[in-house]
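J.: Produce the entire structure from the sequences given, and follow the hints as far as they go.
Protein chains in written order, with the UniProt record's numbering: chain A, 1 to 122; chain B, 1 to 384.
Don't read these hints as lab results, they were simulated from the structure.
Okay, the calculated beta carbon distance ranges per label pair:
1. B:Q208 to A:R22: 26 to 36 Å
2. B:R334 to A:I113: 48 to 58 Å
3. A:I113 to B:R245: 30 to 40 Å
4. A:T108 to B:L168: 16 to 26 Å
5. A:D89 to B:P38: 46 to 56 Å
6. A:A42 to B:S262: 51 to 61 Å
7. B:K333 to A:G83: 42 to 52 Å
8. A:D89 to B:A90: 53 to 63 Å
9. B:S262 to A:D89: 23 to 33 Å
10. A:R22 to B:E290: 54 to 64 Å
11. B:N194 to A:H117: 26 to 36 Å
12. A:R22 to B:L212: 23 to 33 Å
Listed next, the stretches of chain B that the computed footprint assigns to chain A, with coverage defined by at least 3 CB atoms under 8 Å from CB atoms of chain A:
13. 168–174
14. 177–190
It should be emphasised that the depicted structure is a prediction, and the values quoted were computed from it without experimental measurement. Where a beta carbon is used, it is the ideal one built from N, C-alpha and C, also for glycine.
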Amino acid sequence: MCQILLIDDMLPVRHSIAATLRKAGHDVVEAEDGSKGLELAARDRFDLVITDIMMPASDGTDVVFTLKSQVGGPKVIAMSGGGSGISADEALQMSGTQADAVLTKPFTNEVLIETVHSLTAR
Amino acid sequence: MKQSGALMKSWKNDGYDVLEDIAGQSPELLKSILEGSPDTISLSDASRPDLPLAYVNPSFEKTTGYQRADVLGRNCRFLQGEETSSDDVARIRRAIADRQPVEVTLVNYRKSGEPFLNALRIGPIFDRSGQLTAFLGIQRDITEQRLRAQQDNTRNRLEALGTASGALAHQLNNLLHPVASLLSLHLPDITDANMRKDLEIALYSANQAAELSQSLLGLSRGRFEGGDSATQLPEGLLRIIDLARLMVPASMVIETSTGSLSQHLKIPINETLFAQVVINLIVNASQACEHSGRIRIDLTASQTQRIKISIADDGPGIPDADVNKIFMPFYTKRTSKKGSGLGLSVVKRIINESGGLIQVGKGLPQPKGRGFGCVITLDIPFIT
Ligand SMILES: Cc1cc2nc3c(=O)[nH]c(=O)nc-3n(C[C@H](O)[C@H](O)[C@H](O)COP(=O)(O)O)c2cc1C
Ligand SMILES: Nc1ncnc2c1ncn2[C@@H]1O[C@H](COP(=O)(O)OP(=O)(O)OP(=O)(O)O)[C@@H](O)[C@H]1O
Ligand SMILES: [Mg+2]
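T.: Here is the structure:
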């Protein structure tokens with residue numbers, strides 16, 4: 001069981017990812033943009049932060065860089081499906097260098113759980 | 001020096017003074033102007049029946065392929081032919097009868113039989129007493145321009161389509177993710193077997209839709225946005241065929257075989273241009289089959305650093321007598337204003353620029369008839 005912070009601007013997408021994680025036994029806190037996510041991350045301790053990269057309000061890349069610049073910070077998964085004219089790989093290029101793992105949307109529930117497990121199992 | 005001084009002086013009066021001066025003082029200059037004009041100039045004698053040509057300049061000879069001696073004394077309509085629109089000719093006829101200037105763009109033919117698009121302007125010439133003496137015709141060959149415009153137009157449409165389908169695919173992906181994810185999350189907990197089956201069908205459909213959306217995404221991703229001057233095979237071709245499928249009715253069955261291609265290859269044609277080629281050929285085949293038939297696309301590498309792509313259909317085929325005409329600009333069997341007849345000219349131009357060749361042959365057996373459809377084979381060098 002892990003404490004997971006999930007950041008995604010699209011409510012249905014966030015909801016389905018959170019439901020999948022909760023069913024797998026994790027505790028999930030949701031945030032709808034990068035700055036709210038960072039606020040939550042500063043206040044509470046999380047084992048893992050999963051953040052979307054391309055979000056209108058504040059970009060997920062900031063989240064990845066901020067969290068990974070802290071010593072002893074949480075593990076971070078960057079996820080993206082890309083955007084108009086930008087492929088998922090391109091969107092994940094920057095944060096991919098810092099994040100502990102990347103998820104290319106669309107991904108299956110199995111891939112999500114597997115990725116989370118590989119980062120949090122000790 | 002003296003001559004040009006005289007010209008400058010009378011320039012302030014009116015055009016006739018200039019011309020009279022030129023004609024009077026330096027007929028040689030007037031002649032040089034006409035003879036040296038980069039525009040095609042033709043003059044018909046209005047005092048004689050049926051407006052015979054009285055003068056044509058060297059540009060006219062160059063554009064039409066006819067020598068002066070061939071044409072003087074004849075009415076200029078000998079440039080017209082099969083694909084010339086009779087509406088356009090009627091407009092000229094009316095303007096001439098009304099002694100009005102007219103601008104018409106119409107298909108004409110060179111002496112060799114090669115068609116060209118003629119941007120023609122004709123104007124009546126009156127003398128000082130107001131007497132109609134001649135008609136002046138200025139012709140311009142705009143074939144090349146029209147072909148390029150057609151090519152650019154298709155490219156812009158493809159690029160817009162790529163951008164739009166990319167944006168659409170992202171939205172769809174975001175909407176489909178929760179559907180598939182939540183269904184597969186809760187399916188294992190459903191105990192009612194019938195309900196499970198229903199939800200499995202829903203999940204299957206969501207996954208299919210996601211796959212379709214992924215292939216839309218393949219179309220965008222900047223692939224149709226210029227840049228790269230090569231197309232990867234077979235991937236590029238398969239992507240283009242996916243796109244072409246969306247452009248022809250579902251009643252056209254398109255089969256693809258790239259089986260004998262063992263490696264991945266590149267051909268020296270930008271993917272947008274190559275898409276124009278393949279889409280033009282597939283759309284032609286679909287039109288020939290009257291939108292219900294079979295198209296078979298085969299990709300094979302030959303030993304000699306070349307690749308062959310054949311697009312075969314089971315439509316009516318092309319009569320032997322027409323095989324040489326179909327690549328000429330403006331040749332079309334599609335009636336009304338629907339076909340520009342430029343499709344295959346653009347195809348030929350793009351393929352030839354890459355050092356490729358095009359062949360026409362007998363295609364798939366017709367479903368009912370005894371004959372064969374058409375096959376167009378592209379033979380293109382690949383990059384190593
Ligand atoms: C000076 C002059 C130049 C002409 N040049 C062309 C031409 O380049 N191409 C063409 O198709 N018709 C040209 N025409 C039009 C034809 O000669 C003719 O007037 C037209 O076909 C309409 O007449 P018709 O219906 O009797 O043929 C020209 C006419 C004149 C008077
Ligand atoms: N697969 C085919 N089977 C039979 N006839 C064909 C086939 N492809 C082309 N043709 C013939 O060649 C002509 C010229 O084709 P082209 O693509 O150049 O012009 P178009 O299709 O008539 O017009 P556009 O491409 O501008 O819509 C067609 O009108 C048709 O008569
Ligand atoms: Mg065509």
